[in-house]
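Chains as they are written, first to last, in numbering that gives the first Met the number 0: chain A, 0 to 419; chain B, 0 to 419; chain C, 0 to 419; chain D, 0 to 419.
Careful: at least some of the hints might be erroneous.
Identical copies carry no separate label here, and so any pair may be met within one copy or between two of them.
[What the hints assert, rightly or not] Lysine to any residue pairs mimicking SDA-like chemistry, simulated, CA-CA at most 25 Å apart: (1) 34 x 365; (2) 336 x 263; (3) 228 x 279; (4) 50 x 263; (5) 179 x 3; (6) 160 x 98; (7) 50 x 33.
Hint data in this document are derived by calculation from the structure and do not stem from the laboratory.
4 protein chains.
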Amino acid sequence: MDAIYNDLKNGKIKSYNLETIIFEKTGNWEEANTKAAKLRLRFLEEKTGKKFEAIKSHYTDTSDSEKNTTGIEQQIGGAVVPLGFAGPLKINGDYVKGEFYIPVATNEAALIAGLSRGISTVNKSGGIKTVLKHDGMARAPLIETPDIEYAKNVSDEIKAKGELFQSMKVEAEKESRVTKLIEIQPFQLGRFVHLRFVFQTGDSMGMNSATRYAANAIKFLITKYPEVKLKSLTANLCSDKKNTHINVLLGRGKSIETEVIIPREIIEKTYGIKIEDLVELNQLKNNQGSALAGTISGFNANVANTIAAVFIATGQDAAQITESASAFTRAEIKDDKLIFGCTFPCLEVATVGGGAGFKTAKECLEILGCSGPGKNPGDNARKLAEIIAAAATAQDLNLLGAEAHGYELADSHISLARGK
Amino acid sequence: MDAIYNDLKNGKIKSYNLETIIFEKTGNWEEANTKAAKLRLRFLEEKTGKKFEAIKSHYTDTSDSEKNTTGIEQQIGGAVVPLGFAGPLKINGDYVKGEFYIPVATNEAALIAGLSRGISTVNKSGGIKTVLKHDGMARAPLIETPDIEYAKNVSDEIKAKGELFQSMKVEAEKESRVTKLIEIQPFQLGRFVHLRFVFQTGDSMGMNSATRYAANAIKFLITKYPEVKLKSLTANLCSDKKNTHINVLLGRGKSIETEVIIPREIIEKTYGIKIEDLVELNQLKNNQGSALAGTISGFNANVANTIAAVFIATGQDAAQITESASAFTRAEIKDDKLIFGCTFPCLEVATVGGGAGFKTAKECLEILGCSGPGKNPGDNARKLAEIIAAAATAQDLNLLGAEAHGYELADSHISLARGK
Amino acid sequence: MDAIYNDLKNGKIKSYNLETIIFEKTGNWEEANTKAAKLRLRFLEEKTGKKFEAIKSHYTDTSDSEKNTTGIEQQIGGAVVPLGFAGPLKINGDYVKGEFYIPVATNEAALIAGLSRGISTVNKSGGIKTVLKHDGMARAPLIETPDIEYAKNVSDEIKAKGELFQSMKVEAEKESRVTKLIEIQPFQLGRFVHLRFVFQTGDSMGMNSATRYAANAIKFLITKYPEVKLKSLTANLCSDKKNTHINVLLGRGKSIETEVIIPREIIEKTYGIKIEDLVELNQLKNNQGSALAGTISGFNANVANTIAAVFIATGQDAAQITESASAFTRAEIKDDKLIFGCTFPCLEVATVGGGAGFKTAKECLEILGCSGPGKNPGDNARKLAEIIAAAATAQDLNLLGAEAHGYELADSHISLARGK
Amino acid sequence: MDAIYNDLKNGKIKSYNLETIIFEKTGNWEEANTKAAKLRLRFLEEKTGKKFEAIKSHYTDTSDSEKNTTGIEQQIGGAVVPLGFAGPLKINGDYVKGEFYIPVATNEAALIAGLSRGISTVNKSGGIKTVLKHDGMARAPLIETPDIEYAKNVSDEIKAKGELFQSMKVEAEKESRVTKLIEIQPFQLGRFVHLRFVFQTGDSMGMNSATRYAANAIKFLITKYPEVKLKSLTANLCSDKKNTHINVLLGRGKSIETEVIIPREIIEKTYGIKIEDLVELNQLKNNQGSALAGTISGFNANVANTIAAVFIATGQDAAQITESASAFTRAEIKDDKLIFGCTFPCLEVATVGGGAGFKTAKECLEILGCSGPGKNPGDNARKLAEIIAAAATAQDLNLLGAEAHGYELADSHISLARGK
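Take these sequences, add in the hints, and give me the full structure.
Next up, the structure:
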């Protein structure tokens with residue numbers, strides 16, 4: 000390895016080629032990856048004059064010997080986020096029923112304490128109901144046409160769902176085992192058209208396949224409309240990793256509703272407030288405050304905390320927290336009970352592919368009973384989405400209860416962060 | 000430990016009390032935490048009939064014996080995200096100058112490859128310039144007043160920056176060593192007023208102190224205006240962990256501008272496109288596409304990828320990806336060169352406190368040369384913000400270059416994810 | 000009349016009953032209306048000690064003797080907005096072909112001058128192309144259901160477009176001669192569902208009939224789903240008289256695209272700028288500036304001026320300027336020409352009903368050749384929408400040309416407003 | 000005149016030169032304008048083969064012989080909007096106290112009936128309170144600088160409110176009698192900076208003077224920073240005639256709060272509903288519905304109706320309905336009463352200049368007691384803004400009351416539009 004290291008240092012070999020070079024000698028991807036990571040870290044240690052023991056000791060292999068892939072490029076080790084749990088949380092959903100321990104990866108003291116209290120409040124009320132409204136991953140290539148009339152005609156023919164749509168569907172699905180094209184939604188802006196493809200992608204998050212399959216369909220479209228050009232495989236109408244209203248209205252990934260019905264006395268005992276106080280704060284904060292702040296989907300107290308924490312625990316794409324943390328929190332009183340719930344328009348999750356198969360993530364998914372592909376394709380991912388939605392609702396409930404107390408938020412953070 | 004475990008199982012002791020119970024026997028927080036985590040994991044293993052070796056083996060202690068705190072509640076171990084690096088990236092900023100290896104924690108194949116190519120393009124152009132426009136963490140308590148006139152009078156007196164403001168500043172800063180109150184921005188809605196406090200919080204992210212110190216100032220305000228009531232310590236005007244336009248306009252955390260000037264031939268060689276193509280795609284995608292999608296701050300190709308990846312590597316609060324991944328990407332041609340850059344209105348980062356002190360995060364910050372407090376308070380956090388902004392700009396540049404090629408995005412993801 | 004006036008003054012009769020009281024004596028609505036207006040004005044004159052000759056002399060009767068209606072309530076006379084024209088403008092659209100003088104009601108000096116210059120620029124380039132993408136007026140009643148599952152089931156059944164949808168369509172259309180139900184778009188939020196009905200309403204703007212017919216369909220829905228309650232006939236998802244993104248994405252009223260292809264030299268001669276300057280300003284102002292300002296649909300220079308002016312001239316509902324003035328302005332260079340155009344997602348116009356039949360409005364519609372019902376129902380309203388879109392595009396073109404000059408805007412306003 | 004008409008027809012003279020040509024013969028602007036309008040109308044009549052008697056008979060002169068201006072260009076006559084009134088409305092505001100008849104120009108039956116009922120409800124509750132929070136008209140020129148650092152330095156120096164700001168203020172005010180520069184708010188995007196100038200403009204709406212005076216200040220800035228270039232006198236950060244969040248947050252024109260406290264029984268008697276029903280509908284519609292629809296400032300039931308109607312009656316710039324119709328409607332119960340009110344962030348109105356001096360508009364302003372300049376500059380415009388806000392609040396109250404009844408909206412529109 001020292002020879003290779005010297006070559007690396009002298010620039011004779013490129014850092015990103017290390018795995019391949021070592022593999023050629025050893026014939027084993029896992030070994031090649033592990034050694035490459037160590038060499039890189041040694042290089043960084045020499046450059047900086049520091050020791051990176053923790054990074055090294057938390058190395059996780061990301062290669063896949065079946066698929067013959069090296070995994071994450073330029074790896075040096077692992078980043079650890081402290082992992083705890085909350086619950087169990089009682090959920091009665093479309094794809095999930097039972098009690099679940101929620102794995103939570105977070106750097107923030109007080110987060111799990113708050114979530115736990117929210118879960119306890121929910122459980123005392125008999126648990127939380129969840130409903131899946133929509134399941135579809137979107138990718139929207141942008142096509143260029145000669146003029147606004149041509150653009151309109153292409154859009155109209157696709158919308159008509161006739162022969163052209165059917166052929167594009169066939170093309171889109173031809174390389175797929177699981178993924179199905181559900182819809183193509185054209186949005187014309189001048190002579191350009193965004194074609195928002197919506198796929199059901201089984202238990203994977205689906206961006207990569209959606210991109211590839213949409214491209215295949217576009218290639219076919221161009222054979223029929225030769226004046227159409229592909230401008231870009233995406234031009235932000237998808238919308239991936241941006242917080243947008245199109246995702247709110249039309250959904251992306253999973254769209255989930257949650258609902259918990261809470262007797263008056265449970266709120267009073269837990270938070271020392273009346274249910275009217277909580278409803279009022281929801282109105283002042285999650286509706287009026289958010290409206291004044293100028294937001295597209297931030298009509299909630301803080302669903303991002305739970306969504307981020309479970310995303311990291313279960314190996315999701317963390318950049319998708321940007322749009323997945325969209326939620327509309329509702330609180331109303333009916334029959335003297337608090338009806339509390341959230342609408343999550345675009346939770347994007349997976350139980351296979353990407354990080355879902357990496358070690359700690361896989362174990363976290365096992366804690367939830369939804370690691371790997373579902374019995375029916377997509378059932379595990381839908382289950383995971385409902386669990387995350389349920390947990391985030393419990394946390395939003397708790398935060399509103401705590402904040403309706405005025406000074407509690409500051410005190411709890413401080414007491415927890417400072418050790419009482 | 001077995002006795003304690005049995006008590007845990009039988010419900011005689013609460014899971015969240017484990018640390019304290021063990022500490023009472025051992026007198027050592029680290030030991031208590033480690034053991035508590037193991038007991039909880041054993042409990043989960045028994046419940047699920049599975050083994051969670053990876054979670055256990057990546058346990059990271061989060062206690063702080065100096066402060067006598069247990070750290071993250073209900074811990075069971077660690078969640079690992081694969082860690083690689085890109086770079087070094089040449090940056091010439093207000094608080095950062097030099098070449099930096101960027102630690103990147105991600106589950107997504109192709110991300111580091113793309114970032115690396117973007118960095119290479121930037122470096123060939125002489126590096127990237129960064130400017131810090133604003134540094135201030137906001138917390139906005141909501142106060143209730145008797146009527147709209149009273150609300151206006153309170154707002155006006157605070158805005159006048161006279162005696163009342165000065166006294167509130169003194170109160171806000173009285174428990175602080177580093178944190179300074181910069182401004183109080185009142186936003187009236189009826190008889191309610193959101194008071195958006197803006198603090199400079201040194202090298203910590205600052206939410207906890209901002210919350211506590213704002214509460215202290217409000218307590219003082221109420222002594223002067225006894226009819227004022229604190230309704231909630233926050234009502235979403237801050238805005239924390241929500242994507243809002245108030246953060247875009249007024250900034251939150253650090254507001255950064257980036258700029259790189261790229262000779263025509265570098266783009267042509269790297270991406271096989273003309274600089275005009277890249278400028279056009281920026282216009283079609285990051286401006287028109289995003290506008291049509293309905294977004295507040297998603298006028299970029301994909302800054303979220305890099306921001307999320309460096310946030311996780313360096314121990315930031317992952318829920319703040321929601322607003323930190325706000326960016327306006329610009330591309331124009333001047334003197335036959337591409338001027339490329341991004342505006343990041345609200346990057347929220349820390350080099351002390353929270354996860355910044357945990358093991359792998361601390362090492363990642365050391366790779367960047369900004370672990371712990373800066374020489375001048377805040378300099379390290381500002382440096383980190385500029386580095387993240389620079390790296391995210393490099394990635395956005397690369398993505399636009401790649402997407403301007405039409406089919407490349409799909410191909411690169413697939414080839415990388417599947418190992419050619 | 001004096002006796003009636005005294006009764007009015009003494010409060011014995013209510014001002015809003017005047018028409019009916021006089022009609023009972025005269026048996027003629029027009030006479031009753033005219034006299035009632037005079038009495039009211041006399042009353043106001045006495046109250047204020049002023050003379051309102053202009054208001055009186057511009058009285059316009061709004062009664063409809065065929066329908067036996069009194070028209071606008073509490074009328075006192077007429078408000079005059081100065082009326083001019085611009086053009087003729089060459090348009091080649093889906094429902095309009097030829098040259099049109101544009102009637103423009105405005106208080107703003109310089110507006111018609113600017114519009115005229117824009118039209119001249121368009122005509123020199125061979126005229127403007129318009130395309131109608133969508134025609135549908137929306138009204139969205141809000142229904143309440145017992146819980147989130149019930150809400151989802153109702154939504155799904157309506158979306159399925161099966162028997163329930165067909166029956167609701169029959170009910171919605173049963174009182175209509177012209178209006179057709181096109182779609183029902185359900186948007187669930189918790190246990191509530193907004194049902195966005197989309198109608199084609201012929202040449203009337205259609206809000207009143209859409210409201211009534213949607214109500215009829217809801218009444219039927221409730222017979223099938225007795226646990227459904229009508230909460231409100233609208234809850235802002237329509238969206239009427241509010242500027243919203245749902246109208247941008249899904250359209251409301253007419254959705255129009257416009258396009259004009261302008262040779263380089265025409266822009267240079269008219270504005271003394273290069274086409275590159277105009278494209279750059281469109282990017283800096285209508286894309287980046289608007290994005291930074293935080294807007295949903297204001298990605299244009301100033302389409303509101305023309306839209307408001309033609310709306311008032313032709314008797315449209317002026318409150319709908321709020322959303323009708325939505326536009327995305329585009330400018331690009333292709334084959335050394337400027338391609339310029341706008342996307343108008345939600346222009347709401349009528350040529351029958353409301354103010355379209357009042358005197359000056361009717362004449363303005365005659366100038367445009369689209370007064371009253373079209374040969375095919377809706378053709379006149381669609382023609383009017385395309386004309387307004389074309390004219391607003393010409394004005395936006397002119398404004399960008401002028402503003403790219405830096406100081407011209409201020410100078411032109413001032414010179415025109417002050418008489419050179 | 001016939002000779003001139005023939006020249007017009009033959010294209011020997013341009014239509015827009017008619018006033019000047021006739022003035023040269025008659026020496027009287029009013030006569031020249033009147034005759035020019037008639038010639039143009041004759042021309043249109045000949046072109047279309049129709050008679051435009053109404054347009055002719057409602058001609059209103061817009062010339063100003065003192066300033067020697069011809070007024071609106073290309074005039075042909077007048078557009079009439081039916082004018083009625085509602086009220087009197089009891090208002091207790093900062094710049095208005097008493098009872099006011101509200102002049103309302105509208106084509107929509109039912110509008111005045113609804114407004115009248117809202118006013119009656121308000122009056123029975125003792126009238127409405129209004130507060131003016133902000134008064135400032137904004138114009139935001141865009142400047143170009145060499146790079147992001149230069150841009151930041153210019154921004155910072157202006158923000159510092161030192162010598163540079165003071166000198167720019169002197170320049171901005173040098174041609175003004177009344178207008179004062181209040182603030183310059185810099186918003187940097189890359190190497191470009193939007194400088195949002197805020198002026199108090201007395202009783203005029205102020206766009207023209209704001210534009211001119213901002214230009215003067217920029218000219219001075221460039222003498223100090225020679226590398227700065229004026230890119231455009233506006234780039235949509237103002238924001239004029241676009242619906243934007245910057246206007247919501249920072250205000251534009253007048254920012255007004257309104258509040259009325261309504262005893263429970265008044266709502267019950269008038270609308271047959273409980274105050275709880277109205278509060279619930281406000282929440283479901285104006286908060287949740289609007290949030291889901293994706294809006295920046297449309298958190299109200301329908302303030303646009305009243306704002307548009309009074310704007311047209313009083314000669315305001317109708318294109319500014321786009322942003323002036325921004326409102327956040329609030330409803331809450333306190334001490335068993337309904338507290339109802341609206342926040343209007345950006346009402347842009349004038350009592351001098353533009354249409355405010357035209358005949359029927361002037362009379363409508365006289366009905367309100369605020370025609371022409373106020374005793375203190377600006378007092379009349381502020382009064383007008385408070386009156387409009389008060390009336391729009393009354394209408395929003397009434398609409399919510401009516402809609403909480405479910406089917407009433409449809410029925411009232413239909414009964415009124417169809418004559419019972």
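Hint-by-hint comparison with the structure:
1. Within a single copy, residue 34 and residue 365 get their C-alpha atoms only as close as 29 Å, which misses the 25 Å cut-off; across copies the closest is 22 Å, which meets it.
2. For the homomeric pair residue 336 and residue 263, the shortest alpha-carbon distances inside one copy (5 Å) and between copies (23 Å) are both at most 25 Å.
3. With identical chains, the CA atoms of residue 228 and residue 279 are at most 25 Å apart between copies only, with a shortest distance of 14 Å across copies and 53 Å within one.
4. In this assembly of identical chains, residue 50 and residue 263 lie within 25 Å of each other by CA distance neither inside one copy nor across copies; the values are 56 Å within and 41 Å between.
5. With identical chains, the CA atoms of residue 179 and residue 3 are never at most 25 Å apart, being 46 Å at best within one copy and 51 Å at best between copies.
6. When the C-alpha separation of residue 160 and residue 98 is checked against a cutoff of 25 Å, the pair qualifies neither within a copy, at 43 Å, nor between copies, at 37 Å.
7. In this homomeric assembly, residue 50 and residue 33 come within 25 Å of each other (Cα to Cα) both inside a single copy, at 18 Å, and across copies, at 24 Å.
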